[in-house]
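Those sequence lines, one after another, are chains A and B. Read in this note's numbering, the first sequence has 139 at position 139, and its numbers run on one by one without any break. Read in this note's numbering, the second sequence has 63 at position 63, and its numbers run on one by one without any break.
Simulated from the structure, these hints should not be mistaken for lab results. Positions of the beta carbon are idealized from the N, C-alpha and C atoms, including for glycine. Fair warning: there could be bad hints in the mix.
To be verified - Ranges of calculated distance between the beta carbons of each label pair, as one might list FRET restraints:
(1) Val41/A with Glu122/B: 37 to 45 Å
(2) Asp50/B with Leu39/A: 45 to 53 Å
(3) Asn132/A with Glu94/B: 52 to 60 Å
(4) Val41/A with Glu92/B: 52 to 60 Å
Said to hold, decoys possible - With a straight-line cut-off of 25 Å between C-alpha atoms, the simulated PhoX-like cross-links for lysine-lysine are:
(5) Lys198/A with Lys113/B
(6) Lys113/B with Lys129/B
(7) Lys72/B with Lys106/B
(8) Lys72/B with Lys113/B
(9) Lys106/B with Lys129/B
(10) Lys198/A with Lys106/B
(11) Lys129/B with Lys125/A
(12) Lys129/B with Lys198/A
(13) Lys107/A with Lys113/B
(14) Lys107/A with Lys72/B
(15) Lys113/B with Lys125/A
(16) Lys129/B with Lys72/B
(17) Lys70/A with Lys198/A
(18) Lys70/A with Lys129/B
Claimed, not checked - Heads up, incomplete: computed chain B residues facing chain A, CB under 10 Å, no partners named:
(19) Met31
(20) Leu62
(21) Leu89
(22) Ala111
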Amino acid sequence: MVFITQITWGFSMRKNNPKHTNVAASLQNENGSTLLVTLIVLILITFMGIAGVNTAVTDLRITRNYLIHKENLALADAAVNHAAVWADDNIRSDVLSSVMADLIENKDGFYDVVALWDADSDYFKESDWNRNLSPIWNQIDVDAVVADWDTLEINGETITHASFSSDEPDTEYVVFVCIYSTDEDIIGEAVVIARSRKNGGNVIIEAGLGNR
Amino acid sequence: MALKSEAGLTLIEVVLAMAILSIGVLALGMMQVHFAEGTARSRQLVHATDIAVNKIEELANLDEGHDDLQAKTHESDSPLEGYALDYFLSWEVEDVAADSDHPAHKAIDIAVKWRTGSQDHEVNFHWRKGL
Numbered sequence: 001m002v003f004i005t006q007i008t009w010g011f012s013m014r015k016n017n018p019k020h021t022n023v024a025a026s027l028q029n030e031n032g033s034t035l036l037v038t039l040i041v042l043i044l045i046t047f048m049g050i051a052g053v054n055t056a057v058t059d060l061r062i063t064r065n066y067l068i069h070k071e072n073l074a075l076a077d078a079a080v081n082h083a084a085v086w087a088d089d090n091i092r093s094d095v096l097s098s099v100m101a102d103l104i105e106n107k108d109g110f111y112d113v114v115a116l117w118d119a120d121s122d123y124f125k126e127s128d129w130n131r132n133l134s135p136i137w138n139q140i141d142v143d144a145v146v147a148d149w150d151t152l153e154i155n156g157e158t159i160t161h162a163s164f165s166s167d168e169p170d171t172e173y174v175v176f177v178c179i180y181s182t183d184e185d186i187i188g189e190a191v192v193i194a195r196s197r198k199n200g201g202n203v204i205i206e207a208g209l210g211n212r
Numbered sequence: 001m002a003l004k005s006e007a008g009l010t011l012i013e014v015v016l017a018m019a020i021l022s023i024g025v026l027a028l029g030m031m032q033v034h035f036a037e038g039t040a041r042s043r044q045l046v047h048a049t050d051i052a053v054n055k056i057e058e059l060a061n062l063d064e065g066h067d068d069l070q071a072k073t074h075e076s077d078s079p080l081e082g083y084a085l086d087y088f089l090s091w092e093v094e095d096v097a098a099d100s101d102h103p104a105h106k107a108i109d110i111a112v113k114w115r116t117g118s119q120d121h122e123v124n125f126h127w128r129k130g131l
């Protein structure tokens, strides 16, 4: 406000001064123009500098994200390998399916899919699923599982995630196992959903496992 | 006649303008150095990450008995070929016995190290391979 008043005052002073009555003449006064042009160039340089800094920072962020993604991908892959080894070792055709179901129920991160199906859970896609016709990896709604990841539950009981190492608490997995007997064999199928969120990353891997 | 007019170009103005412009150009030059360093650092991180990920892929496809999967620290004294900088790859393999919570598996930590000037850099990856 003070600034405007001063300008107005200056203008009126000039208007009253016989030397400055001609506005065109005052515009022809070039005093200070070099400094003005220099300042404008300096401002342009500053904008170029800011743009350059932004580019460099963005570039580094992209690289960091790439690194974090690859790191989490390796960890999620490790979790799937971990689950696959356990499933391969333990889902065996020489063990009764009921015994195997108990074995699975007592292990963190592993859940009998029949309980999930019986609970009419949102994580299960169909209510008239025929295990002999449709493998379990077509039936688990991975998006729903991931959306509820920290509050997963079956029949009101919280699902505990498994971890392949206490050193990697940000990498977890959950396995839904389906075991059933046919006339000839016991068949085991499983879906592993591994999630790694180290350093703010978020990688999810779904893998289907089969054993018979 | 008008071109010969030196109105608006006093010596003080020129000196002042040159001084201000010099500061600006100097700052821009320094920023260029930082941009170049940032870009180089990004490139190094991408190279190191790719080296580690490629090694994981390689180890994933090896048989359990392969030399590269024996329980020890594997490292080479010579840098990897094909890169402008010297990247050193090492990986430590540990055999983890089965227990109530974990099946037997190999815990593999992969490290890629490189140096720029007097500064050491390192990227680490943790991975597990089933037996």
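Each hint tested on the structure:
Distance hint check for valine 41/A and glutamate 122/B: the Cβ-Cβ separation is about 44 Å, which falls inside the suggested range of 37 to 45 Å. Separated by about 46 Å at the C-beta atoms, aspartate 50/B and leucine 39/A satisfy the suggested range of 45 to 53 Å. In this structure the hint that asparagine 132/A and glutamate 94/B lie 52 to 60 Å apart at CB is violated, the actual value being about 42 Å. Distance hint for valine 41/A and glutamate 92/B: a CB-CB separation of about 56 Å, consistent with the stated range 52 to 60 Å.
Taking the CA atoms of lysine 198/A and lysine 113/B, the gap is about 21 Å. The hint holds against a cut of 25 Å. A C-alpha spacing of about 23 Å is found between lysine 113/B and lysine 129/B, which places the hinted pair at or below 25 Å, so the restraint holds. A threshold of 25 Å between alpha carbons decides the hint, and for lysine 72/B with lysine 106/B the separation of about 11 Å falls inside it, so the pair holds. Restraint check: the Cα-Cα separation between lysine 72/B and lysine 113/B comes to about 18 Å, which is no more than 25 Å; the hinted pair holds.
Of the pairs offered as hints, the one joining lysine 106/B and lysine 129/B holds, with about 5 Å between alpha carbons and a cut-off of 25 Å not exceeded. Restraint check for lysine 198/A and lysine 106/B: satisfied, since their Cα atoms lie roughly 21 Å apart, inside the 25 Å limit. At most 25 Å may separate the alpha-carbon atoms for a hinted pair to count; lysine 129/B and lysine 125/A exceed this at roughly 31 Å. Between the alpha carbons of lysine 129/B and lysine 198/A the distance comes to roughly 19 Å, so the proposed pair stays at or under 25 Å and holds.
The suggested pairing of lysine 107/A with lysine 113/B is violated, with an alpha-carbon distance near 39 Å, which exceeds 25 Å. Under the criterion of a C-alpha separation no larger than 25 Å, the hint pairing lysine 107/A with lysine 72/B is inconsistent with the structure, at around 31 Å. A hinted pair counts as satisfied when its Cα atoms are at most 25 Å apart, and lysine 113/B with lysine 125/A does not qualify at roughly 47 Å. Proximity of lysine 129/B to lysine 72/B is assessed by CA-CA distance (about 15 Å); at most 25 Å being required, the pair is judged to hold.
About 11 Å separates the Cα atoms of lysine 70/A and lysine 198/A, which keeps this hinted pair within 25 Å; it holds. Between lysine 70/A and lysine 129/B the CA atoms are separated by roughly 17 Å; this keeps the pair inside 25 Å, and the hint holds. The beta carbon of methionine 31/B is positioned within 10 Å of a beta carbon in chain A (closest approach about 5 Å), and the interface hint is therefore held. Restraint check, leucine 62/B versus chain A: the minimum CB separation of about 13 Å is more than 10 Å; hint violated.
Given the 10 Å rule on beta carbons, the hint for leucine 89/B is violated: about 15 Å separates it from the nearest Cβ of chain A. Because the smallest distance between the Cβ of alanine 111/B and any Cβ of chain A comes to about 12 Å, over 10 Å, the interface hint for this residue is violated.
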